[in-house]
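Chain B: place on chain A using the hints.
Each chain is listed here by its residues.
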Amino acid sequence: GAGVSQSPSNKVTEKGKDVELRCDPISGHTALYWYRQSLGQGLEFLIYFQGNSAPDKSGLPSDRFSAERTGGSVSTLTIQRTQQEDSAVYLCASSLAGGVSRYNSPLHFGNGTRLTVT
Amino acid sequence: GEDVEQSLFLSVREGDSSVINCTYTDSSSTYLYWYKQEPGAGLQLLTYIFSNMDMKQDQRLTVLLNKKDKHLSLRIADTQTGDSAIYFCAEMPLSGGYNKLIFGAGTRLAVHP
Numbered sequence: 001g002a003g004v005s006q007s008p009s010n011k012v013t014e015k016g017k018d019v020e021l022r023c024d025p026i027s028g029h030t031a032l033y034w035y036r037q038s039l040g041q042g043l044e045f046l047i048y049f050q051g052n053s054a055p056d057k058s059g060l061p062s063d064r065f066s067a068e069r070t071g072g073s074v075s076t077l078t079i080q081r082t083q084q085e086d087s088a089v090y091l092c093a094s095s096l097a098g099g100v101s102r103y104n105s106p107l108h109f110g111n112g113t114r115l116t117v118t
Numbered sequence: 119g120e121d122v123e124q125s126l127f128l129s130v131r132e133g134d135s136s137v138i139n140c141t142y143t144d145s146s147s148t149y150l151y152w153y154k155q156e157p158g159a160g161l162q163l164l165t166y167i168f169s170n171m172d173m174k175q176d177q178r179l180t181v182l183l184n185k186k187d188k189h190l191s192l193r194i195a196d197t198q199t200g201d202s203a204i205y206f207c208a209e210m211p212l213s214g215g216y217n218k219l220i221f222g223a224g225t226r227l228a229v230h231p
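From first to last, the protein sequence lines are chains A and B.
Quick note: the first sequence uses this note's numbering, first residue 1, plus one each step.
Quick note: the second sequence uses this note's numbering, first residue 119, plus one each step.
What the hints contain is simulated information worked out from the structure, not anything from laboratory work.
For every residue, glycine included, the Cβ atom is placed at its ideal position computed from N, Cα and C.
One thing to keep in mind: the hints can contain errors.
As the list claims (entries may be wrong) - Residues of chain A placed beyond 12 Å of chain B at every Cβ, according to the derived structure:
hint: 1; residue: K11
hint: 2; residue: V12
hint: 3; residue: T13
hint: 4; residue: D18
hint: 5; residue: S58
hint: 6; residue: P61
hint: 7; residue: Q84
hint: 8; residue: E85
hint: 9; residue: L91
hint: 10; residue: H108
hint: 11; residue: T116
Claimed, not checked - Derived DMTMM-like pairs: lysine to aspartate or glutamate, alpha-carbon spacing no greater than 25 Å straight-line:
hint: 12; chain 1: A; residue 1: K57; chain 2: A; residue 2: E85
hint: 13; chain 1: A; residue 1: K17; chain 2: A; residue 2: D63
hint: 14; chain 1: A; residue 1: K57; chain 2: B; residue 2: D187
hint: 15; chain 1: B; residue 1: K154; chain 2: A; residue 2: E44
With the rest of the complex left out, here is chain A (with noise of 0.2 Å):
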């Protein structure tokens, strides 16, 4: 069956600029995350949007960073006025289900936009 899908794949954008990178979640995963991964360095957990609850939006780096998820369903992550240190690949991930249901349901992963801020 599909995954879970992100576009693009790869963004080059310049410094200053607004870009919007995309998610599809899997059909019916009710869950859905975003991570960042840096060169060198881990998954920085980014938010993370649970059926029609708030979304937690504890990891966001800055107040340049803002995400939506319209119908439950697709969701877009909106890096405003661009730097360089905002180059890495951004990871979109859906589950199954979240709340206590969470622990039998993992995380599956699209391929990542790789944005690259010059």
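What follows is chain B alone, placed relative to chain A:
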């Protein structure tokens, strides 16, 4: 606090066993995970272990958990060139009440003939 640590690099000869180690800090973590990332791809769940287990075996993979020392290891038997990848250890703390995995920096496994 939340922190997962791994060594960054491991080199093994094809056919040997690989052991990747990980330490975590949150004792509330009920499940611990190993993910594999091949070049240009996302992370793929390899295996996970429940905290009341000491060991889990799945074909060539063996996971050992020392909950007292908060130490997790992944052993790959008969390592093949296709096993070359980055391996991430992750914990899921109970605190916060939601599904947030905390990842280590990843161990790059290089398999040479």
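How the hints compare with the structure:
no.: 1; hint: K11; result: 15 Å, holds
no.: 2; hint: V12; result: 16 Å, holds
no.: 3; hint: T13; result: 20 Å, holds
no.: 4; hint: D18; result: 24 Å, holds
no.: 5; hint: S58; result: 8 Å, violated
no.: 6; hint: P61; result: 16 Å, holds
no.: 7; hint: Q84; result: 21 Å, holds
no.: 8; hint: E85; result: 17 Å, holds
no.: 9; hint: L91; result: 6 Å, violated
no.: 10; hint: H108; result: 8 Å, violated
no.: 11; hint: T116; result: 15 Å, holds
no.: 12; hint: A/K57 to A/E85; result: 19 Å, holds
no.: 13; hint: A/K17 to A/D63; result: 15 Å, holds
no.: 14; hint: A/K57 to B/D187; result: 31 Å, violated
no.: 15; hint: B/K154 to A/E44; result: 16 Å, holds
Violated hints, listed in ascending order, are 5, 9, 10, 14; each of the other numbered hints is respected by the structure.
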